[in-house]
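Engineer: What follows is the residue order along each chain.
Protein chains: 2
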Amino acid sequence: MTTIALDAMGGDHAPRVEVEGAILAARELGVRVLLVGVEATVRHELDRHKVRGLPIEIVNATDVITMTDSPSHAFRRKKESSLHVAARLVRDGQAEALVSAGNTGAVMTIARFVIGTLPSVDRPALAAAFPNMKEKISVILDVGANVDSKPAQIEQFAVMGEIYYRAIWGVKRPRIALLSIGEEEAKGNELTREAAILLKQLPLNFVGNVEGRDVFRGNVDVVVCDGFIGNIALKLSEGLVEHIGGMLKKAIKSSLRSQIGYALSKRAFDEFRKRTDYSETGGAPLLGVRGITVIGHGRSNPNAIKNAIRVAAELCRARVNEKIEQELSSAAAVPARG
Amino acid sequence: MTTIALDAMGGDHAPRVEVEGAILAARELGVRVLLVGVEATVRHELDRHKVRGLPIEIVNATDVITMTDSPSHAFRRKKESSLHVAARLVRDGQAEALVSAGNTGAVMTIARFVIGTLPSVDRPALAAAFPNMKEKISVILDVGANVDSKPAQIEQFAVMGEIYYRAIWGVKRPRIALLSIGEEEAKGNELTREAAILLKQLPLNFVGNVEGRDVFRGNVDVVVCDGFIGNIALKLSEGLVEHIGGMLKKAIKSSLRSQIGYALSKRAFDEFRKRTDYSETGGAPLLGVRGITVIGHGRSNPNAIKNAIRVAAELCRARVNEKIEQELSSAAAVPARG
Numbered sequence: 001m002t003t004i005a006l007d008a009m010g011g012d013h014a015p016r017v018e019v020e021g022a023i024l025a026a027r028e029l030g031v032r033v034l035l036v037g038v039e040a041t042v043r044h045e046l047d048r049h050k051v052r053g054l055p056i057e058i059v060n061a062t063d064v065i066t067m068t069d070s071p072s073h074a075f076r077r078k079k080e081s082s083l084h085v086a087a088r089l090v091r092d093g094q095a096e097a098l099v100s101a102g103n104t105g106a107v108m109t110i111a112r113f114v115i116g117t118l119p120s121v122d123r124p125a126l127a128a129a130f131p132n133m134k135e136k137i138s139v140i141l142d143v144g145a146n147v148d149s150k151p152a153q154i155e156q157f158a159v160m161g162e163i164y165y166r167a168i169w170g171v172k173r174p175r176i177a178l179l180s181i182g183e184e185e186a187k188g189n190e191l192t193r194e195a196a197i198l199l200k201q202l203p204l205n206f207v208g209n210v211e212g213r214d215v216f217r218g219n220v221d222v223v224v225c226d227g228f229i230g231n232i233a234l235k236l237s238e239g240l241v242e243h244i245g246g247m248l249k250k251a252i253k254s255s256l257r258s259q260i261g262y263a264l265s266k267r268a269f270d271e272f273r274k275r276t277d278y279s280e281t282g283g284a285p286l287l288g289v290r291g292i293t294v295i296g297h298g299r300s301n302p303n304a305i306k307n308a309i310r311v312a313a314e315l316c317r318a319r320v321n322e323k324i325e326q327e328l329s330s331a332a333a334v335p336a337r338g
Numbered sequence: 001m002t003t004i005a006l007d008a009m010g011g012d013h014a015p016r017v018e019v020e021g022a023i024l025a026a027r028e029l030g031v032r033v034l035l036v037g038v039e040a041t042v043r044h045e046l047d048r049h050k051v052r053g054l055p056i057e058i059v060n061a062t063d064v065i066t067m068t069d070s071p072s073h074a075f076r077r078k079k080e081s082s083l084h085v086a087a088r089l090v091r092d093g094q095a096e097a098l099v100s101a102g103n104t105g106a107v108m109t110i111a112r113f114v115i116g117t118l119p120s121v122d123r124p125a126l127a128a129a130f131p132n133m134k135e136k137i138s139v140i141l142d143v144g145a146n147v148d149s150k151p152a153q154i155e156q157f158a159v160m161g162e163i164y165y166r167a168i169w170g171v172k173r174p175r176i177a178l179l180s181i182g183e184e185e186a187k188g189n190e191l192t193r194e195a196a197i198l199l200k201q202l203p204l205n206f207v208g209n210v211e212g213r214d215v216f217r218g219n220v221d222v223v224v225c226d227g228f229i230g231n232i233a234l235k236l237s238e239g240l241v242e243h244i245g246g247m248l249k250k251a252i253k254s255s256l257r258s259q260i261g262y263a264l265s266k267r268a269f270d271e272f273r274k275r276t277d278y279s280e281t282g283g284a285p286l287l288g289v290r291g292i293t294v295i296g297h298g299r300s301n302p303n304a305i306k307n308a309i310r311v312a313a314e315l316c317r318a319r320v321n322e323k324i325e326q327e328l329s330s331a332a333a334v335p336a337r338g
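As you go down the protein sequences, you meet chains W and B in turn. Numbering of the first sequence is given in this note's numbering, commencing with residue 1 and proceeding in unit increments. Numbering of the second sequence is given in this note's numbering, commencing with residue 1 and proceeding in unit increments.
The set of hints was computed from the structure by calculation and includes no laboratory data. Keep in mind the model is a prediction, meaning the values are calculated, not measured. Don't be surprised by glycine CBs; every beta carbon is placed ideally from N, CA and C. Keep in mind that a hint or two might mislead.
Stated by the list, open to error - Now the stretches of chain W that chain B is said to cover, found in silico as 3 or more residues with beta-carbon under 8 Å:
(1) 141-148
(2) 212-221
(3) 235-242
Said to hold, decoys possible - Dumping the calculated EDC-like pairs for lysine to aspartate or glutamate here, alpha-carbon to alpha-carbon at most 16 Å:
(4) Lys249/B to Glu135/W
(5) Lys250/W to Glu135/B
(6) Lys150/W to Glu135/B
(7) Lys250/B to Asp63/W
(8) Lys150/W to Glu135/W
(9) Lys187/B to Glu20/W
(10) Lys150/W to Asp122/B
(11) Lys79/W to Glu57/W
(12) Lys187/W to Asp69/B
(13) Lys134/B to Asp122/B
(14) Lys134/B to Glu242/W
(15) Lys150/B to Asp122/B
(16) Lys187/W to Asp148/B
(17) Lys78/W to Glu57/W
(18) Lys150/B to Glu190/W
(19) Lys150/B to Asp148/W
(20) Lys134/W to Glu242/B
(21) Lys200/W to Glu185/W
(22) Lys249/W to Asp148/B
(23) Lys78/B to Asp63/B
(24) Lys187/B to Asp69/W
(25) Lys50/W to Glu20/W
All chains should be built: construct the whole structure from the sequences, respecting the hints.
Structural biologist: Put into structure tokens, the structure is as follows:
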């Protein structure tokens, strides 16, 4: 049975949402969940549910990282936080994966430096999943702020993204693309021009450069880019969805007079919200860490926590880390690397 | 009377849309329009309307640039194209501004090299206007693919963007921000860290670094970034709006059974479309060219063409180029420049 260390104090509504998500996961997914957090608080929450017989345990942690803690402060000064304790459980082999809906920067830093990175990985990459027009998923990485990436790091993002996509969405040869400002290679910047040369040499289904709009068109599966670009793309998309949602609500309210019309449109609107809810896709894995790490949205509901646990468990079962290490160490043996 | 050289062969439905847009502009805005294109075709289109007494003239051009021509091919090989002829009219002082809904790359290249750049400008920047949540406009530049910008170029984008925003939206001290991955300066990449130092020294209302989501929140007016980032942000936003529009249409159709409900929702949906139609904001100016240049969307309708002409005329009247040159040449005199 896969064991997941869940940061019970992470999200905006912790530990309630985390406890409920853990119960759903333990019931439906056949995983064992270690709820890591302030024991009395977590116990109190857990006692409100029927959990007898479920593979859920509490692991005590005396400190909590907040959304306003800087990653370095969280890493250096809060060693007894739920996140640190959960990361140590993974480092020491007592859990296979870490799941947290907490402070993203803190999770990235603590996962990277407490659990460590895979030997062949320069920097772990955060991969975000976007629903696209073909009603499939497009993954974009890095969105986790690995700025000023080198071409060889983009190459690693491609290898890790491909393995992740295959493991979770069952596509044998996912289409890998490089985010740029036009399909023509000459059109990119220095980084994309150099990275494209490396990507073409990999044993991947590299389909070339794509533009921003292609992220949503569904003609590619995995889009790689520098973390500065990816993070801006992610935040911009979240902002735009929020903006359009707001406009739409206003437009529906102002133009509908009859109760029935409003009720019917509300249903369409809810459907729209559901489809643009990125938390439904199960959290963003931080690929390249020496233990599976999945980061959920701070606003995760219990279902989103369950989905993040599901993704973590699937990545463990698919032996994603073994595969990443294997492919990257053999890619490193190719002489023509940048 | 301001004279505008309009590339009559530019957009997807040229010259019909251009001719209709020119007529609206000549009627409503008090500008003189030179319709530059294949004379017989443009004349044929113009003859379908009552234009007697309107300040509209046709200037013949024997060639046409298509959407698939590369910018360098268009620039080097199509010297008798409507775009070249229109640019020469501006260069030679027979028109004050160039407006085109044609091939964006070709317009940028031809404007830059035929008309030329202002003496203090390194590279012209394309500025896109986004409607934001406060029902105001946020401008982002460069979106025109000035890749691998230097900090001093970002500084120029800020100066040009501020003058443009003031001229068109009448805000005295627009709030200028630098696009990054967090508010903290330490969080950006090499370029943003260096650019922020320069921006703080300018006599502008620089409010610091913002994230992708802030583009839509309306808490800033002008957002500056490298053209690689800006172009990806623009295309990503267009792609996402298209995607959400499609989803929404589907959701409305599938969930509404009654005719009245559909009709009412349709109205809300149309309102939503209108508000997300970037072409309504009047085209994107290419700032820093030695003559005002405004680029419309290829899918422009006559109203969008009229709006692009309106923006061009307002930029002329506000003497935007004089102001840009003045501010940049005095900024260059400050010793502490990067």
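Engineer: Against each hint, give a clear statement of whether it holds in the structure.
Structural biologist: Hint check:
no., hint, verdict
1, 141-148, "holds (count 3)"
2, 212-221, "holds (count 6)"
3, 235-242, "holds (count 8)"
4, Lys249/B to Glu135/W, "14 Å, holds"
5, Lys250/W to Glu135/B, "12 Å, holds"
6, Lys150/W to Glu135/B, "40 Å, violated"
7, Lys250/B to Asp63/W, "47 Å, violated"
8, Lys150/W to Glu135/W, "33 Å, violated"
9, Lys187/B to Glu20/W, "34 Å, violated"
10, Lys150/W to Asp122/B, "27 Å, violated"
11, Lys79/W to Glu57/W, "21 Å, violated"
12, Lys187/W to Asp69/B, "14 Å, holds"
13, Lys134/B to Asp122/B, "33 Å, violated"
14, Lys134/B to Glu242/W, "13 Å, holds"
15, Lys150/B to Asp122/B, "10 Å, holds"
16, Lys187/W to Asp148/B, "12 Å, holds"
17, Lys78/W to Glu57/W, "22 Å, violated"
18, Lys150/B to Glu190/W, "13 Å, holds"
19, Lys150/B to Asp148/W, "14 Å, holds"
20, Lys134/W to Glu242/B, "13 Å, holds"
21, Lys200/W to Glu185/W, "12 Å, holds"
22, Lys249/W to Asp148/B, "40 Å, violated"
23, Lys78/B to Asp63/B, "7 Å, holds"
24, Lys187/B to Asp69/W, "14 Å, holds"
25, Lys50/W to Glu20/W, "11 Å, holds"
In summary, the numbered hints that this structure violates are 6, 7, 8, 9, 10, 11, 13, 17 and 22.
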